[in-house]
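Residue numbers (this note's numbering), protein chains in the order written: chain A, 1 to 168; chain B, 1 to 168.
These are calculated hints, taken from the structure and not from any lab test. Wrong hints could be hidden among the right ones.
Taking beta-carbon pairs under 10 Å as the criterion, some of the chain B residues facing chain A (in silico) [stated by the list, open to error]:
1) A24
2) A26
3) A30
4) L35
5) A70
6) A74
7) Y127
8) A145
9) V163
The calculated label-pair distances, taken between Cβ atoms and stated as ranges, are [to be verified]:
10) T160(B) to P147(A): 20 to 26 Å
11) T87(A) to T57(B): 56 to 62 Å
12) N133(A) to T162(B): 18 to 24 Å
13) P147(A) to G84(B): 22 to 28 Å
14) I64(A) to A118(B): 30 to 36 Å
15) P147(A) to Q23(B): 23 to 29 Å
16) D62(A) to G133(B): 49 to 55 Å
All C-beta atoms, glycine included, are put in the ideal place defined by N, C-alpha and C.
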Amino acid sequence: MIRSAIRLVLLTMLVGGGSLEAQGPPGPRPPGGGRPLRVDAQQALDFGELLGGLPQVVPANDPINAGRMQVSGQGGSDVLVSFLLPTALDGPGNAAVPLVFGPGAAGYSATQDIDGQLAFDPSISNVFTLPQNGRGTLYLGGTAIPPAQAVVGSYAATITLTISYVGN
Amino acid sequence: MSKLTMTVVAAAILAFPGLASAQASASVQALATVLAPISVSNLQDLQFGDVIPGVATTIAPSAGDAGQYAVSGAGVLEVTLDFGTLPATLDHTLSASTLPLSFGAGSAGVGTTTGVVATTFDPSSTYTANLSGGDLFVFIGGTVAPDVSQEAGDYEGTITMTVAYTGN
Numbered sequence: 001m002i003r004s005a006i007r008l009v010l011l012t013m014l015v016g017g018g019s020l021e022a023q024g025p026p027g028p029r030p031p032g033g034g035r036p037l038r039v040d041a042q043q044a045l046d047f048g049e050l051l052g053g054l055p056q057v058v059p060a061n062d063p064i065n066a067g068r069m070q071v072s073g074q075g076g077s078d079v080l081v082s083f084l085l086p087t088a089l090d091g092p093g094n095a096a097v098p099l100v101f102g103p104g105a106a107g108y109s110a111t112q113d114i115d116g117q118l119a120f121d122p123s124i125s126n127v128f129t130l131p132q133n134g135r136g137t138l139y140l141g142g143t144a145i146p147p148a149q150a151v152v153g154s155y156a157a158t159i160t161l162t163i164s165y166v167g168n
Numbered sequence: 001m002s003k004l005t006m007t008v009v010a011a012a013i014l015a016f017p018g019l020a021s022a023q024a025s026a027s028v029q030a031l032a033t034v035l036a037p038i039s040v041s042n043l044q045d046l047q048f049g050d051v052i053p054g055v056a057t058t059i060a061p062s063a064g065d066a067g068q069y070a071v072s073g074a075g076v077l078e079v080t081l082d083f084g085t086l087p088a089t090l091d092h093t094l095s096a097s098t099l100p101l102s103f104g105a106g107s108a109g110v111g112t113t114t115g116v117v118a119t120t121f122d123p124s125s126t127y128t129a130n131l132s133g134g135d136l137f138v139f140i141g142g143t144v145a146p147d148v149s150q151e152a153g154d155y156e157g158t159i160t161m162t163v164a165y166t167g168n
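Start from the sequences and build out the full structure, keeping to the hints where you can.
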């Protein structure tokens, strides 16, 4: 008798899948559906060799030296893009090379077309729509301004990109 | 009883697959290398030696008595050589007398080995050359034309050369 009762209850639970979700208050379904967001770093922003007193500009459409990151998520979703930008490259000792990111220093392409990118100011968060395949590319250039008496050596800094879904 | 509880918990977790990954971030590096600054030093003065009144004396840039500068910088970078306003006379060290001085189209030269002129140029115009292994040697000659009544004695002058990277 007992054995039969248990089997009946199990069957009911498996068929009524919807009622399982309703057992506790359901969490909001993330905008853009269930596909997780992802950012892949693909290329560093490389200013190359600098000479004291001579600013060096890397445009966002420089295929060799511009920074590049690929974002992926639910196709057709709007994503908020935010850069955390360094103010300088750090070098030997306390040496630093100031960096400037102008209004057109970044770009977004839904087709991985570096020359067809939509330019934007990386110091401001922007919203872009992912294409149907869910993949977009972000490009970043900038200007390095070495002081006239810049210390010789290697310099580096970290640029972080954060993306999140926004309500569609 | 225990078996029923485990089934319900597993089903509930599967019903909310999209809770994770509504935000993502990644970082790229910004990179640069500051090169050695450029410097120039005087290796040898331009020496006309003993000159005879009324007889012009010319020193070629390849001559042993030619003036010589040593330029030091980074790699094979391009630099400009600028003599500015060349002196038109040498000044008597003890009186107000002057000795006419002039420079022709081939009065200056460059080379990658000390004492060896590879190419001549006109020092009245800015000249562009490439460093070789971070080095470049610059030579300067000229012509003095003493008058037949030129006052005897020692004469001297200053020739200044400015070197700068072009960024190439």
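Right, here's what the structure says about each hint:
no.: 1; hint: A24; in the structure: holds (4 Å)
no.: 2; hint: A26; in the structure: holds (4 Å)
no.: 3; hint: A30; in the structure: holds (4 Å)
no.: 4; hint: L35; in the structure: holds (5 Å)
no.: 5; hint: A70; in the structure: violated (19 Å)
no.: 6; hint: A74; in the structure: holds (7 Å)
no.: 7; hint: Y127; in the structure: violated (19 Å)
no.: 8; hint: A145; in the structure: violated (41 Å)
no.: 9; hint: V163; in the structure: violated (12 Å)
no.: 10; hint: T160(B) to P147(A): 20 to 26 Å; in the structure: holds (25 Å)
no.: 11; hint: T87(A) to T57(B): 56 to 62 Å; in the structure: holds (60 Å)
no.: 12; hint: N133(A) to T162(B): 18 to 24 Å; in the structure: violated (57 Å)
no.: 13; hint: P147(A) to G84(B): 22 to 28 Å; in the structure: holds (25 Å)
no.: 14; hint: I64(A) to A118(B): 30 to 36 Å; in the structure: holds (33 Å)
no.: 15; hint: P147(A) to Q23(B): 23 to 29 Å; in the structure: violated (38 Å)
no.: 16; hint: D62(A) to G133(B): 49 to 55 Å; in the structure: violated (29 Å)
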